[in-house]
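Enquirer: Work from the hints to combine the two standalone chains into their complex.
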Amino acid sequence: MSDGNGTPERPGCALVTGGSRGIGAATARALAAEGWPIAIVYKSSDDAANAVVAEIVAAGGRAMAIRADIADGASSDAAFTAAEAELGPVLVLVNNAGVRADGLAPQLSDDDWSSVIDTNLTAAFRLTRRALRPMLRARFGRIVNVASIVGLNANPGQANYAAAKAGLVGMTKTVAAEVARRGITVNAVAPGYIDTDMTEGLIEGVAQRIPARRAGTPAEVAACIRFLASEEASYVTGATLVVDGGLTA
Amino acid sequence: MSATVTAEQVEARVLDALVTFGADADVVSRDATWEQLEVDSLDLVELAQVVEEEYGVEITSQDMQNLLTVGHVVDLVVERAA
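Residue numbers (numbering that gives the first Met the number 0), protein chains in the order written: chain A, 0 to 248; chain B, 0 to 81.
I should point out that these hints are in silico values taken from the structure, not numbers from a laboratory.
Worth double-checking, as some hints may not be accurate.
[What the hints assert, rightly or not] Computed beta-carbon distance windows for the label pairs:
#, chain 1, residue 1, chain 2, residue 2, range
1, A, SER233, B, GLU53, 40 to 50 Å
2, A, GLY59, B, ASP30, 49 to 59 Å
3, B, GLN35, A, ASN49, 50 to 60 Å
We put the CB at the ideal spot given by N, CA and C, even for glycine.
This is chain B alone, in the form it adopts within the complex (with noise of 0.2 Å):
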């Protein structure tokens, strides 16, 4: 995977998709937890597809137990496509 993917884009790209997914925009943040985003397990199954096909980062159920937060995920991923 490129290295020059950097935590703009991803988190960019992250809050998009959970807006899409029915995600309140005023809400999304880095710091925002699934909770307060309303966003659940089926959504984040659709989030780690996006990251899958964009990134290349299969993001797996055991790692899902451990992303609290949007900030999580995206730092997850720029780990992880570096």
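Chain A on its own, in the form it takes in the complex (with noise of 0.2 Å):
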């Protein structure tokens, strides 16, 4: 972050699911660098929930870390309305928490579908009902939720993830399409490969075939979604911006 002189006084919290790692802890500290308290929501790891949450204060800025497995309704509601007891309105959504239970679909179980399904997909629309009601007082709001290029191309063996992050582009518009004329956006990012656990392992062999030559940082994917976050992109929105070093152009 800047020396903190010159970031706005927030009028409410930017919420980030996922938040203790990866693409979500990137986006947390670069929505604390615009001003935003952060509420980090996280499922497992303490420690690092706390390190993201430590590294944002250590540098001017304000966080919370909060636990919650968001797949579940009332555990989601509880971590939000923490949220906004604690650092006020969430007027920043970032549904990036995402599961992988990967399988090519002749094998991939119940289990398997639904888990995916609801964390991906169904505990981002919960978040977003439940965001839209404040910022639909506040006039403001900015939700973005981070899909992937496997919800815009084909993937082999992520016919459940597929289904979620597609889900994910179809709701950002029309979820953008219905509170457009508020204040708010819903735009959502599409990653391609990000150097993070999540795709520890997939990245050797694929280099070769993005344009860039190389995997994606999460800062960078960071960068778009703080993009996405700000009132310069009010115009922006209903829009799925693909960061993904070339690989589907």
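Expert: What follows is the structure, given as structure tokens:
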């Protein structure tokens, strides 16, 4: 973050799911640098979440970590309420949390299917619905859904993940159209191969197919999310910003 | 919910909310339709939020389809809050 003197006072906060690691952690840092108090919602890694909070606080920002299983409606709602109570209305929501349970379609179990849909799509919808109420009142809001190029193009072995991510893109467009006249934007980013825990072991052998010849970094995705969450992006809504080093170009 | 909610109170609150949503204060009345007020579906969602928060009355999307005027909303709220 900059020296902190130029960052505006924010009338609410930004909530980032899956904020303890990877793209979520990078997004939390990037939005904190824009002056947003940050609620990091995470599922399992206390140490990682607390480390991101400590980093933001050390840089002069405000942040809190909230442990929740967002696939569970009550847990998700409680996390959202806790963020509001501590940091004010959630005016930026980044639906980043995602899980994978890969396998070719004939072998995907019902659990593999539903766990991925529940976390990657249904939880994002629930949080979006929850966030829209105060955003409508505030006549301002930024929702950014972290989709994937897998939601746009085929990726054998990820039918469940692809369905969830394509669902996010569709949800993004429709909700964007519903609330655009209230100053609320809803967009998606579609990362390609990004160097995170989630893609560990996947990137070798793929780099040659990527025009940029390398995996992306979480910070490169976070920079796009930061733009979509900014005032400057006020006329961008319903869009999916592909961040893939040219892979799907 | 308190049984002391009166139709006058609800009507005043609903009219006030509609004006804040952008309806013309000279046109809002109990008998005005949404078309006359240029109130759109998103305004009605917000109105439902106001009513739920202040009177504890939930207005569903199914209810909405039968609520064509300000008076319809007021009557529904008074009935359910009683």
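Enquirer: For each hint, tell me whether it holds in the structure or not.
Expert: Hint check results:
no., hint, in the structure
1, SER233(A) / GLU53(B): 40 to 50 Å, "violated, 31 Å"
2, GLY59(A) / ASP30(B): 49 to 59 Å, "holds, 56 Å"
3, GLN35(B) / ASN49(A): 50 to 60 Å, "holds, 56 Å"
Hint 1 alone, counting from the list given before, is not met by this structure.
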